[in-house]
Amino acid sequence: MSVLDVRSLRVDLGAHTVLHDVSFSVDAGEVVAILGSNGSGKSTLVRAVTGVIPFQDGSVEVFGEPLGPRAPLHLVGYVPQRVSAASGIVATASEVVTSGLLGRRRFRPGRGAAAKAAEALEAVGLASAADRPVTELSGGQQQRVLIARALVREPELLVLDEPVAGVDLPSQEAFARTLGRLVEAGTTVMVVLHELGDLAPLVRRAVVLRGGHVVHDGAPPTPRRHHGEPGHEHVHPHELGGEDFELGAPSLELEP
Amino acid sequence: MSMFTDPLMQRALVVALLVGLAAPVIGTYLVQRKLSLLGDGIGHVALTGVALGWLVGGAMGLVPNDALAIPGAVVAAVLGAVVIETVRERTRGGGDVALALLFYGGIAGGVLLIGVAGGTSANLVGYLFGSISTVSPADVALTVGLCALLLGVGLGLRPALFAVSHDAEFARASGLPVRALNVVIAVVAALTVTVSMRVVGLLLVSALMIVPVAVSQLVSRSFTSTMRLAMILGTAVCVAGLSITYWVPLAPGATIVVLAILVYLAVLAGRSLVTSRRPGRKD
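Chains as they are written, first to last, in the numbering used here: chain H, 1 to 256; chain F, 1 to 283.
What the hints contain is simulated information worked out from the structure, not anything from laboratory work. Keep in mind that the hints are not guaranteed to be accurate.
The calculated lysine to any residue pairs, modelled on SDA-like cross-linking and capped at a C-alpha distance of 25 Å, are [as the list claims (entries may be wrong)]:
#  : chain 1 : residue 1 : chain 2 : residue 2
1  : F       : Lys34     : H       : Ser87
2  : F       : Lys34     : H       : Thr135
3  : F       : Lys34     : H       : Asp131
4  : H       : Lys116    : F       : Ala168
5  : F       : Lys34     : H       : Pro133
6  : F       : Lys34     : H       : Gln81
7  : F       : Lys34     : H       : Arg82
8  : H       : Lys116    : H       : Gly186
9  : F       : Lys34     : F       : Val97
10 : F       : Lys34     : H       : Arg108
11 : H       : Lys116    : F       : Arg228
Short derived list, chain F residues pointing at chain H, Cβ under 7 Å [what the hints assert, rightly or not]:
#  : residue
12 : Gln32
13 : Leu157
14 : Pro159
15 : Ala160
16 : Ala173
17 : Ser174
18 : Gly175
19 : Leu176
20 : Ser222
Beta carbons: idealized from backbone N, C-alpha and C, even for Gly.
Bound conformation, chain F alone:
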């Protein structure tokens, strides 16, 4: 059976392709706002949501008992993102310690609650490191819906999201609803985290949002081209990384992220080679 006729692999490829396309769109705004690590923070909080979903699903006698894990992660991630954004705004970008408390609380809460639900932290491994090889048709439908939403918001509101991320003061003086747009970015970041969770896992979620943007930044000279190239790169590394694991027994999430970082290093090396050959050109 070839890679493309295996239904499990087909579903995995669709999810990887969509997430690879959508995650860098949202990641571009996070990098622009210097919030590259926001995704990690949200990921930590989402773990509590996973465990909570598990607990509630178990109590309701649902089968499988983790049926509510992803909805739980969505709710926790969105709430966590809004709290993080509020703390950030109230403290003018500070609130460092408050955010750290939230992150650690998220991981610890997840481990505690999964114990209460009668599981062990081993049950969380799939969420922490990804489980794209077990994507169900329902997961695909959810991914398609969420990615369509992310692309719609991230591309449709691009001028406004660019404006508030570039210069919030000017945006406010122009009459743009800055606070609402900041919350929109936080919420779509949270949704990106939960949708990417299946592909690379919560611990690596931010990599899908940030690394393609970091590569694109090395060669792009405008905001629009940075985002566009990051989308292409994100899709390419997700599909290529996943395909590699069809032939070689490697963890898909880690393979995708390592591949993305290798691309970063290659482009960085290539760029310094080009600039060193053109001594007159300033970087």
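Bound conformation, chain H alone:
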């Protein structure tokens, strides 16, 4: 069954068309990476399919229902790129995670919310930070709080936007472990990444965007020599999809 079905999606931001005729679907249990350089439209894509921003043309179906008042958004866990910690008032990790329990007709988190939040924080290795203000946590820990906020919904589809960008190594490893467990349990995952990194063993399929077009949909591209090696620092000033990755390579070399 198709968990997410995107057909001929066009998204404009202002006068600029950011996504052109994007189509792909994600089946239950799949782990799909959305790859592309900065400005290729990756974040716009996840924000459009989660209903955060409107789209101008095409269709998005979530669990068989078009995005809109009937879409079962309670089955979706969205992890945005880390928001700058500039909210006007402190909130504890537990308070932020609890807000994940709300939904279309759920304005209050309901019974057992604190226990559920504690469980979700435990899953990302932050059980001890529940009552600490998120502003006191490291960038990686803040990102894990946002992941816990999505997990507390017990989502069947998890949508993550660059979850490991600018995140410290222990948090990256903790994240890869958490995601591995979820995938084993059958959660469908759509994850925007700059490079596969630690998640390479989990990712079976990649959709590569370039200039707002899908230029590849299939096996994850093989990183060119050196690019996947540990400690490799790489900046991608150029367009992806020909330079850094060999698309459609028949043999798939996954990093350990």
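Based on these hints, arrange chain F on the given structure of chain H.
For chain F alone, kept in the frame of chain H given last:
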């Protein structure tokens, strides 16, 4: 006659207590959304409503002729808040100039209309700086009703209002009606402005919403405790400030606000004293 047996003072105390309790609840959301000055903007627009109410009341021959001033302020403030929220959403937090035009238009419109109504801008002074010493039983009833509504919405919808104020994108992806909840916050902010108008006046209205929250922020470590402490502080400064003016001839609104700011400074000083004694502790 003691302070508590004077019926005028009794009414004033009830109004001050309720407004002191309710205003920081709504103020907490405004501070969280970095809209601390929204209350001021709404206050400016409410002045036009006051004058309009005066004009309409006069034309209808009502006695007193400012009977419709507060209903006028409620209508203008709510409309103004919804317009401000719409401009903010359409322009993604910008619309700076459009908002400035609305604010100045509000004050100028008020002064112009009060002239048309046959009054002078002196008639507006009570609304600009508060007139808690002349609270009527009907005013008390209106205040009780509005404050009950504000507390009901502000506390009852706290999880949802927290969610949209903390991260609107995530709230939208969760299915929460973000736009509707934003309008709810704008409307309750407008109602807070009109209900606080009697206590401190439109020019100081925002202080009741924001200063207790600012004090609470200095010492609180969660959203819930920030709001709770702000409610306690708001009530305390309103009642204490008003009580002072029973014995000392001072303007109640200004006394309350100055008291709140003094509390802020005292807590700030106390906190830096505590943190400087604990060199290992990061702020």
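Here's how the hints hold up against the structure:
no. : hint                  : result
1   : Lys34(F) / Ser87(H)   : holds, 8 Å
2   : Lys34(F) / Thr135(H)  : holds, 16 Å
3   : Lys34(F) / Asp131(H)  : holds, 23 Å
4   : Lys116(H) / Ala168(F) : holds, 22 Å
5   : Lys34(F) / Pro133(H)  : holds, 18 Å
6   : Lys34(F) / Gln81(H)   : holds, 20 Å
7   : Lys34(F) / Arg82(H)   : holds, 18 Å
8   : Lys116(H) / Gly186(H) : holds, 20 Å
9   : Lys34(F) / Val97(F)   : holds, 18 Å
10  : Lys34(F) / Arg108(H)  : holds, 23 Å
11  : Lys116(H) / Arg228(F) : holds, 24 Å
12  : Gln32                 : holds, 4 Å
13  : Leu157                : holds, 6 Å
14  : Pro159                : holds, 5 Å
15  : Ala160                : holds, 4 Å
16  : Ala173                : holds, 4 Å
17  : Ser174                : holds, 5 Å
18  : Gly175                : holds, 4 Å
19  : Leu176                : holds, 6 Å
20  : Ser222                : holds, 5 Å
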